[in-house]
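Can you build the whole structure from these sequences, using the hints too?
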Amino acid sequence: YINFFRKLSPAGFTFLEEYWEYLGCAEHYELKYFGECFDHINYTLKQESYVPFVIDAVRVLARAISKYISDDCGQKEFHRCDLSTSRFKGDRLQKYYRNVSLSGAYYTVAP
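Residues 1 to 111 (full-length UniProt numbering) are what the sequence shown spells out, left to right.
Note that these hints are calculated values from the structure, not bench results. Just so you know, these numbers come straight off a predicted model, no measurement behind them. Take these hints with a grain of salt, some might be off.
Stated by the list, open to error - Below 27 Å or equal to it, Euclidean Cα-Cα: the simulated DSS-like pairs (lysine-lysine) are:
(1) Lys-46 / Lys-32
(2) Lys-67 / Lys-89
(3) Lys-7 / Lys-32
(4) Lys-46 / Lys-7
(5) Lys-67 / Lys-32
(6) Lys-95 / Lys-76
(7) Lys-89 / Lys-76
As structure tokens, then:
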């Protein structure tokens, strides 16, 4: 996560651009990435202990939603599927995300 964030540019992301300005890096045009900004202001980025859990949670939910869409829509594009004009059913989505297997870097959703 730290390597990813250090290589991240604020360009095109409103929240990141505002954070860039808050850090005082906007006035230094030679700085392009957060890593350069942090080095310039002598800031050491530390990863919070919960970040990996947040990343896993987002991945689990994304995989569950993807499987839900795949089961409902098959090969249809999402905007052509009935699901795109209805809503996800919470109890059904819960069954999908409770069946996501976390093993290493691979995530599988059981049927």
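Quick one: which hint numbers does this structure break? Sort them smallest to largest. Checked against the structure, the only hint that fails is number 5, while the rest are satisfied.
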